[in-house]
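On the provided structure of chain A, position chain B as indicated by the hints.
Protein chains in written order, with my numbering: chain A, 1 to 115; chain B, 116 to 228.
Keep in mind that the hints were calculated from the coordinates and are not lab data. A couple of the hints might just be wrong.
[Unchecked claim] Okay, derived cross-link-like pairs now, DSS-like style, lysine-lysine, Cα gap no bigger than 30 Å in a straight line:
1) A:Lys102 to B:Lys186
2) B:Lys172 to A:Lys102
3) A:Lys102 to A:Lys56
4) B:Lys172 to B:Lys186
5) B:Lys129 to A:Lys42
6) A:Lys42 to B:Lys126
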Amino acid sequence: QKEVEQDPGPLSVPEGAIVSLNCTYSNSAFQYFMWYRQYSRKGPELLMYTYSSGNKEDGRFTAQVDKSSKYISLFIRDSQPSDSATYLCAMSGNAGGTSYGKLTFGQGTILTVHP
Amino acid sequence: DTGVSQDPRHKITKRGQNVTFRCDPISEHNRLYWYRQTLGQGPEFLTYFQNEAQLEKSRLLSDRFSAERPKGSFSTLEIQRTEQGDSAMYLCASSTQGVGELFFGEGSRLTVL
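So that you can see chain A by itself, here it is in the shape it has in the complex (with noise of 0.2 Å):
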């Protein structure tokens, strides 16, 4: 069993849909939880960060992490056809060591917001 599962979809959904992706985890060690989005042939990049648990919403998006469940969502609200992408979850452990940086992805899920 990998130490993060992640649903690798597809989704697809309409333009001004409500996304939910999540992952679950194993390892409780982990502390620090992101979510990257990721374009065809592309680079990985940062969307969301947060840390232990808790909610953090930055313009269309939110993301909430429940240590207790082990369970990390990502929501998108008015989704667009530009989101159209791969969605990574990744988990670190302590910060300012090495295992920060340290990242544990997901699978991916790959999203489709048609117009």
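This is chain B only, laid out in the frame that chain A set:
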């Protein structure tokens, strides 16, 4: 452009040949990471440098792989005696010390025939 730069973007080679990839991080970043991504999978950590010191290597990094960051600036990743299983996207990322986001380059895609 002040982002992470990787070269070449795509390399096609025959099995058994050696290949080298270069990464130029964002100039003020002292941490540099290499990841490998295969089709349909998320990136997997390979190795990490803080300045010129290689501080951690994954078990994925077999003895055919070697990475260097000689002056704490650019880094190279060399794969010797390439195998078809080495075909992947090799991603470089950089960050500042402490808590900070990783900035990824666009990757170097390796195809081993």
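**Message:** Taking the earlier hints as the rules, which of them does this structure contradict?
**Reply:** none
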